[in-house]
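Trainee: Listed below are the residues making up each chain.
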Amino acid sequence: MRHIISILIENESGALSRVAGLFSARGYNIESLSVAPTEDASLSRMTLVTSGSDEIIEQITKQLNKLIEVVKLIDISESAHIERELMMLKARVTGAAREEIKRLADIFRGNIIDVTPSTYVIELTGEKSKLDAFIQAVDERAIIEVVRSGTTGILRGDKGLRL
Amino acid sequence: MELNGAEIVVQCLKDEGVEYLFGYPGGAVLHIYDALFKQDAVKHILVRHEQGATHAADGYARSTGQPGVALVTSGPGATNAVTGIATAYMDSIPLVVLSGQVPTPVIGSDAFQEADIVGITRPCVKHNFLVKDVHKLAETIKKAFYIATTGRPGPVLVDIPKDVTSPAIKIPYEYPKTVTLRSYNPAVKGHRWQIRKAVDLLLEARRPMIYAGGGVILGNASAVLTDFTRLLGFPITNTLMGLGGYPGTDQQFVGMLGMHGTYEANMAMHECDVLLAIGARFDDRVTGKISEFCPRAKIIHIDVDPASISKTVRVDIPIVGQVGPVLEDMIEMIRSSTKVPDPKALSDWWTQIARWRGIDCLRYDGNSSIIKPQYVIEQLYEATAGAAFVTSDVGQHQMWTAQFYKFDQPRRWINSGGLGTMGFGLPAAIGVKLAHPESEVVCVTGEASIVMCIQELSTALQYMTPIKIVNLNNRYMGMVRQWQEFNYESRYSHSYLATLPDFVKLAESFGHVGMRIEKPSEVRAALEAAFELSDRTVFLDFITDSTENVYPMIEAGKGHHDMRLSPCSSVERELA
Ligand SMILES: Cc1cc2nc3c(=O)[nH]c(=O)nc-3n(C[C@H](O)[C@H](O)[C@H](O)COP(=O)(O)OP(=O)(O)OC[C@H]3O[C@@H](n4cnc5c(N)ncnc54)[C@H](O)[C@@H]3O)c2cc1C
Ligand SMILES: Cc1ncc(C[n+]2csc(CCOP(=O)(O)OP(=O)(O)O)c2C)c(N)n1
Ligand SMILES: [Mg+2]
Numbered sequence: 001m002r003h004i005i006s007i008l009i010e011n012e013s014g015a016l017s018r019v020a021g022l023f024s025a026r027g028y029n030i031e032s033l034s035v036a037p038t039e040d041a042s043l044s045r046m047t048l049v050t051s052g053s054d055e056i057i058e059q060i061t062k063q064l065n066k067l068i069e070v071v072k073l074i075d076i077s078e079s080a081h082i083e084r085e086l087m088m089l090k091a092r093v094t095g096a097a098r099e100e101i102k103r104l105a106d107i108f109r110g111n112i113i114d115v116t117p118s119t120y121v122i123e124l125t126g127e128k129s130k131l132d133a134f135i136q137a138v139d140e141r142a143i144i145e146v147v148r149s150g151t152t153g154i155l156r157g158d159k160g161l162r163l
Numbered sequence: 164m165e166l167n168g169a170e171i172v173v174q175c176l177k178d179e180g181v182e183y184l185f186g187y188p189g190g191a192v193l194h195i196y197d198a199l200f201k202q203d204a205v206k207h208i209l210v211r212h213e214q215g216a217t218h219a220a221d222g223y224a225r226s227t228g229q230p231g232v233a234l235v236t237s238g239p240g241a242t243n244a245v246t247g248i249a250t251a252y253m254d255s256i257p258l259v260v261l262s263g264q265v266p267t268p269v270i271g272s273d274a275f276q277e278a279d280i281v282g283i284t285r286p287c288v289k290h291n292f293l294v295k296d297v298h299k300l301a302e303t304i305k306k307a308f309y310i311a312t313t314g315r316p317g318p319v320l321v322d323i324p325k326d327v328t329s330p331a332i333k334i335p336y337e338y339p340k341t342v343t344l345r346s347y348n349p350a351v352k353g354h355r356w357q358i359r360k361a362v363d364l365l366l367e368a369r370r371p372m373i374y375a376g377g378g379v380i381l382g383n384a385s386a387v388l389t390d391f392t393r394l395l396g397f398p399i400t401n402t403l404m405g406l407g408g409y410p411g412t413d414q415q416f417v418g419m420l421g422m423h424g425t426y427e428a429n430m431a432m433h434e435c436d437v438l439l440a441i442g443a444r445f446d447d448r449v450t451g452k453i454s455e456f457c458p459r460a461k462i463i464h465i466d467v468d469p470a471s472i473s474k475t476v477r478v479d480i481p482i483v484g485q486v487g488p489v490l491e492d493m494i495e496m497i498r499s500s501t502k503v504p505d506p507k508a509l510s511d512w513w514t515q516i517a518r519w520r521g522i523d524c525l526r527y528d529g530n531s532s533i534i535k536p537q538y539v540i541e542q543l544y545e546a547t548a549g550a551a552f553v554t555s556d557v558g559q560h561q562m563w564t565a566q567f568y569k570f571d572q573p574r575r576w577i578n579s580g581g582l583g584t585m586g587f588g589l590p591a592a593i594g595v596k597l598a599h600p601e602s603e604v605v606c607v608t609g610e611a612s613i614v615m616c617i618q619e620l621s622t623a624l625q626y627m628t629p630i631k632i633v634n635l636n637n638r639y640m641g642m643v644r645q646w647q648e649f650n651y652e653s654r655y656s657h658s659y660l661a662t663l664p665d666f667v668k669l670a671e672s673f674g675h676v677g678m679r680i681e682k683p684s685e686v687r688a689a690l691e692a693a694f695e696l697s698d699r700t701v702f703l704d705f706i707t708d709s710t711e712n713v714y715p716m717i718e719a720g721k722g723h724h725d726m727r728l729s730p731c732s733s734v735e736r737e738l739a
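In the order they appear, the protein sequences are chains B and R. In terms of the numbering used here, the first sequence opens at residue 1 and continues consecutively. In terms of the numbering used here, the second sequence opens at residue 164 and continues consecutively.
Accuracy of the hints is not assured; some may be wrong.
In the SDA-like style, the derived pairs of lysine to any residue whose C-alpha atoms are separated by at most 20 Å in a straight line are [unchecked claim]:
{"#": "1", "chain 1": "B", "residue 1": "K130", "chain 2": "B", "residue 2": "E140"}
{"#": "2", "chain 1": "R", "residue 1": "K352", "chain 2": "R", "residue 2": "A470"}
{"#": "3", "chain 1": "R", "residue 1": "K305", "chain 2": "B", "residue 2": "E10"}
{"#": "4", "chain 1": "R", "residue 1": "K474", "chain 2": "B", "residue 2": "E10"}
{"#": "5", "chain 1": "R", "residue 1": "K295", "chain 2": "B", "residue 2": "E140"}
Some chain B residues judged to face chain R by a derived CB distance under 10 Å, without partners named [to be verified]:
{"#": "6", "residue": "S13"}
{"#": "7", "residue": "L22"}
{"#": "8", "residue": "S51"}
{"#": "9", "residue": "K62"}
{"#": "10", "residue": "Q63"}
{"#": "11", "residue": "K66"}
{"#": "12", "residue": "I68"}
{"#": "13", "residue": "E69"}
{"#": "14", "residue": "V71"}
{"#": "15", "residue": "K72"}
{"#": "16", "residue": "D75"}
{"#": "17", "residue": "E78"}
{"#": "18", "residue": "I82"}
{"#": "19", "residue": "L163"}
In case anyone wonders, no lab produced these hints; they're calculated from the structure. For each residue, glycine too, the CB sits at the ideal point set by N, CA and C.
Can you make the complete structure from the sequences, with help from the hints?
Mentor: Structural data, given as structure tokens:
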């Protein structure tokens with residue numbers, strides 16, 4: 001099962017490598033990992049997408065909690081939540097294909113954020129599955145590169161991950 | 164008080180009450196060594212290899228419950244310490260290791276003797292720090308001691324760049340009395356509701372079993388465990404790390420469990436209906452095949468570390484907390500309960516256990532004309548009245564010591580269980596002897612293990628730590644040879660030590676006394692002669708039977724009831 005774990009972690013050098021090292025040392029999967037500072041400068045927020053049996057997920061959360069720098073964590077996939085990922089896709093597009101891909105981007109509610117005579121960069125946010133679907137829909141030969149941020153997520157309602 | 168970084172390091176150790184610092188100098192720590200030179204409150208013990216520093220600090224910690232402290236230089240000094248740090252980590256031993264680092268401006272430039280020791284040790288420490296600012300030094304050292312000694316203990320490394328200890332910068336010093344970490348709050352008391360459920364289950368048990376581990380010793384809970392076990396009248400087994408946590412000579416004690424555990428302990432595990440695990444971590448040497456582990460039992464587990472619970476074996480009632488307070492709560496609930504364990508069921512259970520004991524699974528050939536290793540340990544036990552501190556290395560000799568030396572007290576049995584580090588025994592014994600100068604300290608070792616840290620014989624001489632080294636010399640890496648005999652059709656690939664030193668002369672060249680013992684009839688007299696030499700380190704080289712194996716043995720991937728027994732045990736009696 002796929003799980004999204006949100007972590008508040010001390011904003012200290014080395015904290016990220018402890019998390020990454022834990023996953024490699026214990027053989028856990030990481031599908032994606034994204035980190036950024038929070039409004040509290042002493043904390044970073046990390047979103048980690050992983051998969052495994054219930055037993056493995058239980059160990060993952062316990063082992064993460066054991067890291068001294070981890071202040072708090074929740075498995076947001078256990079409650080109602082929203083997840084989003086940002087993608088930028090650069091495509092080689094000339095002639096009629098330009099209109100075509102613009103229409104496709106509209107359907108997916110994407111934005112074209114860079115234009116040259118032969119290329120577009122399309123920005124898209126959404127759940128992982130939506131981004132996957134967009135890539136499927138674009139002509140493979142046209143894609144120059146794709147960059148994705150990895151998933152981040154937040155709980156619905158009035159609950160939140162905070163100190 | 165204004166101090167420079169080096170003086171701060173030393174002053175922090177004083178304020179922390181550190182008695183001994185095990186170390187080895189080098190460029191990156193020379194400022195600290197200069198500060199050490201100018202004081203005598205913290206006694207520095209110069210080891211002969213940094214592995215020895217960490218093991219000696221570890222031995223000190225295991226035998227006292229106080230954190231062990233080591234100081235090593237950057238690069239090779241720090242990497243040499245890694246084996247000792249990993250050894251402490253696997254057995255949850257509180258250590259604070261201070262390592263020198265190259266100056267902050269050159270970190271990352273492949274400077275002379277630079278090693279990323281924070282990165283290297285990350286997977287084998289409870290936590291580690293790199294201190295880049297002298298103003299953070301005292302607070303960081305305080306945190307290191309706090310983290311190392313609380314919750315589930317473990318080693319903490321503090322990496323200190325040379326410029327941080329520079330004599331040129333003096334700052335006001337104050338050692339923090341306490342530290343708090345918002346992200347670290349280890350549990351103490353267990354959840355009352357869980358404890359209540361556990362007690363109900365225990366009082367309904369018909370074939371109960373207590374499986375107690377190193378957590379009892381780490382948590383200084385032997386006395387309360389003993390009260391608890393006697394109150395219930397249940398059988399109890401200890402892991403290798405738990406030995407001494409419950410008196411080894413007590414009637415309710417059924418011996419160690421696991422791969423080389425007793426027949427009665429392993430059979431009781433297999434047949435029990437309620438298992439109470441206390442400060443034990445369901446190691447694979449203990450559980451054997453997971454799917455056959457305690458097949459009929461409901462399992463209760465008390466542990467301070469939530470990650471130890473349901474890690475390999477799913478448990479029914481988890482209790483997160485310190486062994487001592489949780490057992491005290493349990494005792495109180497049992498005393499105030501109207502229920503008692505069914506006396507008939509319990510007495511039937513003891514009858515069954517007595518039958519298993521009748522197998523006499525540890526029996527060996529007592530009439531051999533070659534010295535049997537088990538005999539040496541039995542004689543050692545008697546010669547020391549069971550009261551010595553005994554360290555060991557790793558191999559068959561370690562298992563025989565665990566089986567034949569009946570530890571009645573905690574912190575007397577000092578060995579590397581989780582990592583299984585050959586070379587641990589001698590330096591650990593030095594650390595133990597420094598902490599307990601009035602007690603007998605024995606290192607039981609093998610001819611392969613002892614040479615891994617043999618250089619520490621010099622340390623033993625320099626600091627006058629008279630220990631007795633009992634070398635069970637079977638000319639083989641016996642434990643390896645045993646596996647090769649059982650699993651590789653006796654193809655003894657590279658397990659025979661074709662060239663061995665003359666250990667008597669070797670001991671003498673280090674300034675100690677050496678003895679070689681070749682006949683069973685000489686064993687006791689030699690031991691007594693060695694203990695007579697109370698101010699000398701004595702190396703006793705016992706030439707033992709090279710074909711002897713450790714029994715019982717649960718081979719990898721087998722269940723508890725599937726033991727290979729000694730040809731000497733009375734199996735027939737049970738089968739009949
Ligand atoms: C050659 C060899 C053979 C071996 N054979 C055997 C064998 O036959 N049988 C055997 O038992 N072992 C054997 N071992 C040792 C084995 O590898 C493990 O080291 C050992 O079984 C672990 O012991 P433990 O479960 O008591 O855990 P420990 O490693 O001692 O861990 C302690 C546990 O208690 C918890 N804890 C710590 N402090 C507290 C506290 N205050 N309150 C509550 N909980 C606490 C910790 O979180 C941890 O879960 C062998 C080792 C070697 C090298
Ligand atoms: C540092 C290290 N290397 C290798 C091993 C693997 N090993 C475990 S026991 C053993 C043999 C130990 O031989 P010895 O010290 O003579 O003890 P014996 O088994 O003969 O009593 C070996 C090589 C280990 N545990 N530690
Ligand atoms: Mg040997």
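Trainee: Could you run down the list of hints and mark each one as holding or not?
Mentor: Against the structure, the hints come out as follows:
For the given pair, B/K130 sits about 17 Å from B/E140 by alpha-carbon distance, which is consistent with the 20 Å threshold. The hinted pair formed by R/K352 and R/A470 meets the criterion: a straight-line CA distance of about 17 Å does not exceed 20 Å. Distance hint between R/K305 and B/E10 is fulfilled; the C-alpha atoms sit about 18 Å from each other, no more than 20 Å. Pair hint R/K474 plus B/E10 does not hold up; C-alpha atoms about 26 Å apart against a cutoff of 20 Å.
Taking the CA atoms of R/K295 and B/E140, the gap is near 50 Å; set against the 20 Å cutoff, the hint is violated. For the restraint placing B/S13 at the interface with chain R, the shortest Cβ-Cβ distance is roughly 8 Å, inside the 10 Å limit, so the hint holds. Taking 10 Å as the C-beta cut-off, the interface hint given for B/L22 holds, the closest approach to chain R being about 8 Å. The interface hint given for B/S51 is broken, as the beta carbon of that residue sits about 19 Å from the closest beta carbon of chain R, more than 10 Å.
Evaluation of the B/K62 hint against chain R yields a held restraint, the C-beta minimum of about 4 Å falling below 10 Å. With 10 Å as the threshold, the beta carbon of B/Q63 comes within range of chain R, its nearest partner Cβ sitting at about 5 Å, so the hint holds. Here the hint on B/K66 is kept, as its CB sits about 5 Å from the closest CB of chain R, short of 10 Å. Against a cut-off of 10 Å between C-beta atoms, the interface hint on B/I68 holds, since the closest Cβ of chain R lies about 5 Å away.
The beta carbon of B/E69 comes within 6 Å of a beta carbon in chain R, closer than 10 Å, and the hint placing it at the interface holds. At about 4 Å, the closest approach between the beta carbon of B/V71 and any beta carbon in chain R falls short of 10 Å, and the interface hint on this residue holds. For B/K72, the interface hint holds, since its Cβ comes within 10 Å of a Cβ in chain R; the closest pair sits about 8 Å apart. Given the 10 Å rule on beta carbons, the hint for B/D75 is violated: about 15 Å separates it from the nearest Cβ of chain R.
Interface hint at B/E78: violated, since its Cβ lies 17 Å from the closest Cβ of chain R, which is beyond the 10 Å cut-off. At about 26 Å, the closest approach between the beta carbon of B/I82 and any beta carbon in chain R exceeds 10 Å, and the interface hint on this residue is violated. Annotation: B/L163 was flagged as interfacial toward chain R, and the flag holds, the nearest CB pair being 7 Å apart, inside 10 Å.
In terms of the numbered hints stated before, the structure departs from hints 4, 5, 8, 16, 17, 18, listed from lowest to highest.
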